[in-house]
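Those protein sequence lines, which keep their order, are chains A and B.
For the first sequence, my numbering begins at 1 and goes up steadily by one.
For the second sequence, my numbering begins at 167 and goes up steadily by one.
Do not take every clue at face value.
A few chain A residues facing chain B, derived, Cβ under 10 Å [stated by the list, open to error]:
(1) A7
(2) K9
(3) H12
(4) L13
(5) G21
(6) S25
(7) A31
(8) V90
(9) L94
(10) Q107
(11) S114
Computed footprint of chain A on chain B, listed as stretches where at least three residues anywhere in the stretch have a Cβ under 8 Å from a Cβ of chain A [stated by the list, open to error]:
(12) 216-228
(13) 235-246
(14) 252-261
(15) 292-304
(16) 308-318
For the record, the hints were derived by calculation from the structure and aren't laboratory data.
Glycine included, each C-beta is placed from N, C-alpha and C at the ideal position.
Chain by chain, the residues run as shown.
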Amino acid sequence: MESITKARKICHLLLRFLAFGATLSAVIVMATSHEKASVLVFQFEAKYTNTPAFKYFVIGNSLVTVYGFLVLFLPPESFLWRLAVATDLVFTMLLVSSISAALAIAQVGKKGNSHAAWLPICNSVPKFCNQVTGALVAGAIAVIIYMILLLNSIHRVLDPLILRKC
Amino acid sequence: MASGNVEKLELSFSAVPDKPKKDWVLMSLRVLAFLATASATLVMALNKQTKNFVVATIGTTPITVSITAKFHHTPAFIFFVIANGVASLHNLVMIGVDILGPRFDYKGLRFVLIAILDMMNLVLASAGDGAATFMSELGRNGNTHARWDKICDKFESYCNRGGAALIASFIAIILLLVTTVMSISKLKPKN
Numbered sequence: 001m002e003s004i005t006k007a008r009k010i011c012h013l014l015l016r017f018l019a020f021g022a023t024l025s026a027v028i029v030m031a032t033s034h035e036k037a038s039v040l041v042f043q044f045e046a047k048y049t050n051t052p053a054f055k056y057f058v059i060g061n062s063l064v065t066v067y068g069f070l071v072l073f074l075p076p077e078s079f080l081w082r083l084a085v086a087t088d089l090v091f092t093m094l095l096v097s098s099i100s101a102a103l104a105i106a107q108v109g110k111k112g113n114s115h116a117a118w119l120p121i122c123n124s125v126p127k128f129c130n131q132v133t134g135a136l137v138a139g140a141i142a143v144i145i146y147m148i149l150l151l152n153s154i155h156r157v158l159d160p161l162i163l164r165k166c
Numbered sequence: 167m168a169s170g171n172v173e174k175l176e177l178s179f180s181a182v183p184d185k186p187k188k189d190w191v192l193m194s195l196r197v198l199a200f201l202a203t204a205s206a207t208l209v210m211a212l213n214k215q216t217k218n219f220v221v222a223t224i225g226t227t228p229i230t231v232s233i234t235a236k237f238h239h240t241p242a243f244i245f246f247v248i249a250n251g252v253a254s255l256h257n258l259v260m261i262g263v264d265i266l267g268p269r270f271d272y273k274g275l276r277f278v279l280i281a282i283l284d285m286m287n288l289v290l291a292s293a294g295d296g297a298a299t300f301m302s303e304l305g306r307n308g309n310t311h312a313r314w315d316k317i318c319d320k321f322e323s324y325c326n327r328g329g330a331a332l333i334a335s336f337i338a339i340i341l342l343l344v345t346t347v348m349s350i351s352k353l354k355p356k357n
């Protein structure tokens, strides 16, 4: 019984560490993506601060990174875990909406929108587009891990004594 | 002495409730959330505006082109409509399950399923919201860096109706969050 408890705790800690790593890498990859290009006569630089959607993505993921870092140090039997589950739910919502917004804008950047006469920009700045795609993939992984953590919390509420594998 | 014991036994049997009391707060929250998501879906799905533009002038006759703005021109709005549609369907099903009561229970699995499905619903609704918010922000302000013109100055009522659908969706998300927290708190540990 003791070894199962320990394995469960290690598994939970590992999941939280993976989530922290995923959000951190999403922030870093998105924040360091910039590329200069010259179209006709103009020189323009593509940065993540050009779009509010990407700014929201970076801010949301950095908030969750800080939260994930703090939660790693929470002692396992403290009563603050209920608050942690509630905050988990709110932060999962934040992560999902930020990645969905960034995905919507990135799709316009890649394919354009013929109805609104918006031209795609990915042909001029391919390196920027690839880095943004990488950041979005990391964000998607973070969302999936946070949803697994939520299901895990529900499972933990149901049988705290009969511990199975996480 | 024996009749006293029998009396006590009878009292204890009649004191056991045979029906759990209904939770009216949760039910009314679900009804409100259903109304909010359904109205967001409908307002965005019926969002359409046609406008005539003068493109060129040959001599004295102007050539007009009529352009229509519909919701399915953008994948973000399509996803918004689908997400809110699924959310309103889920709310409807949950209201039905609440009304029909514990007839469809299987060893208490009902509450777990309701909590998990509520969570998925919340995640889906907030994803649809995030995409539509930033897409309409792009339409309202344009993006000078990517040379994308704003479209809201030409299609005023399309943008306003989209904004109304977004506000309804925000209200729905807050209601869904409270509903999810309540359904999770209904789960009780087995001991």
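Okay, the hints, checked on the actual structure:
1. Using the Cβ-Cβ criterion of 10 Å, the hint placing A7(A) at the interface with chain B is not satisfied: the shortest such distance is roughly 21 Å.
2. Proximity of K9(A) to chain B is violated relative to the hint, the smallest CB-CB distance being about 18 Å (cut-off 10 Å).
3. Taking 10 Å as the C-beta cut-off, the interface hint given for H12(A) is violated, the closest approach to chain B being about 17 Å.
4. Hint on L13(A) is violated. Least Cβ distance to chain B is approximately 22 Å, over the 10 Å limit.
5. Interface restraint check for G21(A): the shortest CB-CB distance to chain B comes to about 21 Å, outside 10 Å, so the restraint is violated.
6. With 10 Å as the threshold, the beta carbon of S25(A) stays out of range of chain B, its nearest partner Cβ sitting at about 20 Å, so the hint is violated.
7. For the restraint placing A31(A) at the interface with chain B, the shortest Cβ-Cβ distance is roughly 17 Å, beyond the 10 Å limit, so the hint is violated.
8. Using the Cβ-Cβ criterion of 10 Å, the hint placing V90(A) at the interface with chain B is satisfied: the shortest such distance is roughly 7 Å.
9. A hinted interface residue such as L94(A) counts as satisfied when its beta carbon comes closer than 10 Å to some beta carbon of chain B; here the least separation is about 8 Å, so the hint holds.
10. Below 10 Å, beta-carbon pairs count as interface contacts, and Q107(A) has one with chain B at about 6 Å; its hint therefore holds.
11. At about 8 Å, the closest approach between the beta carbon of S114(A) and any beta carbon in chain B falls short of 10 Å, and the interface hint on this residue holds.
12. For the stretch 216-228 of chain B, the stated coverage by chain A is violated: 0 residues have a C-beta nearer than 8 Å to a C-beta of that chain, whereas at least 3 were required.
13. With 6 residues having a beta carbon nearer than 8 Å to a beta carbon of chain A, the stretch 235-246 of chain B meets the requirement of three or more and the stated coverage holds.
14. Taking a C-beta to C-beta cut-off of 8 Å, the stretch 252-261 of chain B contributes 0 residues in contact with chain A, too few for the three needed, and the coverage statement is violated.
15. With 12 residues having a Cβ less than 8 Å from any Cβ of chain A, the stretch 292-304 of chain B passes the three-residue criterion, so the hint holds.
16. Counting residues of the stretch 308-318 of chain B whose beta carbon lies closer than 8 Å to any beta carbon of chain A gives 7, which meets the minimum of three for the stated coverage.
Hint compliance for this structure: hints 1, 2, 3, 4, 5, 6, 7, 12 and 14 are not met, and every other hint is.
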